[in-house]
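K.L.:
Take the given structure of chain S and dock chain U to it, following the hints.
2 protein chains.
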Amino acid sequence: MQHFAIGLAGMGNVGAGVFKHLTQNRALLRERLGFELDVKKIALRDPKKDRGVAVPPELITTQWQDLLDDPSIQIVVELMGQKEESLRFMLGAIERGKIVVTGNKALLAEHGREIFEAATKHKVPVFFEAAVAGGIPIIKSIREAFIGNHIQSIHGIINGTSNYILTRMVESGLGFAEALVEAQEAGYAEADPTLDVDGWDAAHKAVILASLAYGFWVPTDKIFVEGVEQITANDICFAKKLGYSIKLLGIIKADAKGEIEVRVHPTLIPEKHVLASVNGVFNALAVHGDIVGDTLFYGRGAGQDPTSSSVIADLAEAAAALQAPRSNYGFMPHGLYGTCTPIDDIVSEYYLRLTVEDRPGVIAQVAGILGSLNIGISSIFQPEGDEGAAVPLILVLHKATHGQMNTALEKIGALECVKKTPRMIRVENFA
Amino acid sequence: MQHFAIGLAGMGNVGAGVFKHLTQNRALLRERLGFELDVKKIALRDPKKDRGVAVPPELITTQWQDLLDDPSIQIVVELMGQKEESLRFMLGAIERGKIVVTGNKALLAEHGREIFEAATKHKVPVFFEAAVAGGIPIIKSIREAFIGNHIQSIHGIINGTSNYILTRMVESGLGFAEALVEAQEAGYAEADPTLDVDGWDAAHKAVILASLAYGFWVPTDKIFVEGVEQITANDICFAKKLGYSIKLLGIIKADAKGEIEVRVHPTLIPEKHVLASVNGVFNALAVHGDIVGDTLFYGRGAGQDPTSSSVIADLAEAAAALQAPRSNYGFMPHGLYGTCTPIDDIVSEYYLRLTVEDRPGVIAQVAGILGSLNIGISSIFQPEGDEGAAVPLILVLHKATHGQMNTALEKIGALECVKKTPRMIRVENFA
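Residue numbers (my numbering), protein chains in the order written: chain S, 357 to 787; chain U, 357 to 787.
In short, the hints are calculated from the structure, not lab data.
Where hints are given, some of them may not hold.
Since copy identity is lost for identical chains, a pair holds within one copy or between any two.
[To be verified] Below, simulated BS3-like cross-link-like pairs (lysine-lysine); rule was C-alpha separation at most 27 Å, straight line:
1) K597 - K628
2) K376 - K767
3) K596 - K628
4) K755 - K767
5) K613 - K376
6) K609 - K376
7) K613 - K578
8) K775 - K404
9) K775 - K439
10) K376 - K775
11) K477 - K776
12) K596 - K755
13) K609 - K404
Remember, it's a predicted structure, so these values are computed and weren't measured experimentally.
With the rest of the complex left out, here is chain S (with noise of 0.2 Å):
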């Protein structure tokens, strides 16, 4: 039978139970590939650590270079999570012919168009279905199963850590700062959370998903994101009285034109949206196709167990384009989308909270400057305030784009009669 010799840079939570897994559910894969996939070496930081598998010291080495010295290495599996050293690590096994997989979105998100060239150039799939959304199979389905379709919309709840956050707030009237600390305590928070509560994580695995779908590496410089740090218990409140749920969403379009958008944000989405009932850790992408239409994909987003299926199903695929190459070497790029809408220009609804003095013609004075800016009201409520003098006005507009809402946002924020900062986010109907 033949075998296939793989080689792990990093073991981190993921690479370990990639090893685990490979190695406790051996049999059912090589039943199901007729082949073997073998882990021959390991690159590693510290191999005194524990990891909660048994690694037999002979496949260990620090130095990541000995997986690329080694001829007989033919899968490279990229679990660093590294920017420039992972970028080498895959560059160098891309050279040498070697079959990357890899689960980093960071550098995919940042350098995907420079790794897919040098791919291309040299003949080498790059696979990294472990990069977006845990264990939901969303870069095949994309990718494979949607080939026939023109992706119209992806809207999709892709940190799980974040999403965590907004679950404990909701349903125990948490503020973000004791809900990030709930969650940190509960593992599902790093110490440095960054990236997850500023959107970042979701940004880049929005960019890889666009970019898959359009055909073309979506700069990062091009997207809108904003995180969820600044969601408080009451707009949370406020969101469900309004019949909302508040998710940190990445939304993805193309319009009729074929520019497309990308963007992270916090956003009010119907409760009875089944994307509002995706708690805790969990992910879930409502995919929009031209032929198939609405669709959705739910699953863990992260663990060791869920990303190690993604990469585990990876190297099947390593494997079987061993065995018979293929022209597509993980994304394919094509010429028929290739702009992005400008983010001044990106319509959307939205929420806006407001903190004013409470006497009469404040409301007169906020709908005055949203109708100069042609921005539609659709509902106003004013409800119980508890900061004394000042109390809380809660509108809802209709569409308008981003450019005439900042706009708007500095004219009524500069009003005498209003007392803080005006909070504002994005509603998504799903009209």
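P.N.:
For chain U alone, coordinates are given in the frame of chain S:
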């Protein structure tokens, strides 16, 4: 640029959709694939029938043998929806080295083993994404994305017609017969809706899923199938009072011993479970893998467009297989599983609706029978009756085997105080 010639056998709804979308999205497919897919010949029964697409007459034949005899045709799409005729066509194609793409669930469920023996012998793949759940890429996900997983369970709403009927019964309190007529008028049920309402359409799909997941073709006489024709508006109402929705579920499980069960029947599921929110003609499958954990796939389970999306994805796979043949012919048999739990040994929980005399002592008699058969009672309630001297009595029962329940139903039905045949519906609590 390389061209692959395709023959379509059958031009019903789905065939017309495939032709239409291959034409309309031609540029997109060419860019993504790097080759062209050309429909060379179409075999159909009635050339004069209006299919909503303009088909060049030179492509048309009334003889599918012409597709087999044309050496330039390398891929055939079997969409005739027949049994014997479709089988002869498929085997004829395989023997001639032509790759088969099909949506024929009934054929695969009955003849899958024979078809894949031929495929393996002739080294020709057979692809069948369109056979299960319309546009949802469930076949690809189980076969490829979850290749490292033991599939522990699949719970699926995989028949749109019955799901539409049940949805309408819930929304409008309709009886089954009324809801069926509505479905037929809306085009969601055939004039002869038998396979949809008796559960066998769902059963065919469940057999395919289980066979793919467990590596052997599950014999259709080993599965349990019950349709939705006996579901009443009362059952739906009582289920709701108990916190459940009623769905026609395909349930596939593998136990620790490796024995598998495949069953399709109406099922009470918790209202809060995500499957309970899958309405109308949508399908959904909850798949639990030992590594990936819980996942859910949701989308349109039938219809011209969603099903063509899956056919087109398979055409892309077929063309890639022609470029670079692989040793997986669409179904990988293996010996890790092979036995089915005898139907009488299948364990479930149950809802039991009796119509009984309105007098003391009845519950004691019924409970006595259940106790003597070791069937635990979870709850009992007696809703408002509307049947004169006879009143409804609802019991929810703990886990028991199919065999135990059959005995219980016989004995309970024989009691003098029990006025009608007991109605039993299985319950799935997803514990």
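K.L.:
Determine for every hint whether it applies to the structure shown.
P.N.:
Here is how each hint holds up against the structure:
For the homomeric pair K597 and K628, the shortest alpha-carbon distances inside one copy (13 Å) and between copies (21 Å) are both at most 27 Å. Within a single copy, K376 and K767 get their C-alpha atoms no closer than 58 Å, and across copies no closer than 51 Å, so neither meets the 27 Å cut-off. Taking the shortest alpha-carbon separations for K596 and K628, both the intra-copy value of 11 Å and the inter-copy value of 18 Å come in at or below 27 Å. Taking the shortest alpha-carbon separations for K755 and K767, only the intra-copy value of 18 Å comes in at or below 27 Å, while the best inter-copy value is 65 Å.
When the C-alpha separation of K613 and K376 is checked against a cutoff of 27 Å, the pair qualifies only between copies, where the shortest distance is 22 Å, while the shortest distance within a copy is 48 Å. Taking the closest pair of Cα atoms, K609 and K376 come within 27 Å of each other only across two copies (24 Å); inside a single copy the shortest separation is 38 Å, beyond that limit. In the homo-oligomer, the alpha carbons of K613 and K578 lie at most 27 Å apart inside one protomer (17 Å), although the nearest pairing across protomers, at 54 Å, exceeds that limit. In the homo-oligomer, the alpha carbons of K775 and K404 never lie at most 27 Å apart, since the shortest distance is 56 Å inside one protomer and 73 Å across protomers.
Proximity of K775 to K439 under the C-alpha cut-off of 27 Å is found in neither arrangement, the shortest distances being 43 Å within a copy and 74 Å between copies. In this homomeric assembly, K376 and K775 never come within 27 Å of each other (Cα to Cα): the closest approach is 57 Å inside a single copy and 59 Å across copies. Proximity of K477 to K776 under the C-alpha cut-off of 27 Å is found in neither arrangement, the shortest distances being 55 Å within a copy and 74 Å between copies. In this assembly of identical chains, K596 and K755 lie within 27 Å of each other by CA distance solely inside one copy; the values are 20 Å within and 39 Å between copies.
Proximity of K609 to K404 under the C-alpha cut-off of 27 Å is found in neither arrangement, the shortest distances being 47 Å within a copy and 41 Å between copies.
In this structure, the hints that do not hold are numbers 2, 8, 9, 10, 11, 13, in rising order.
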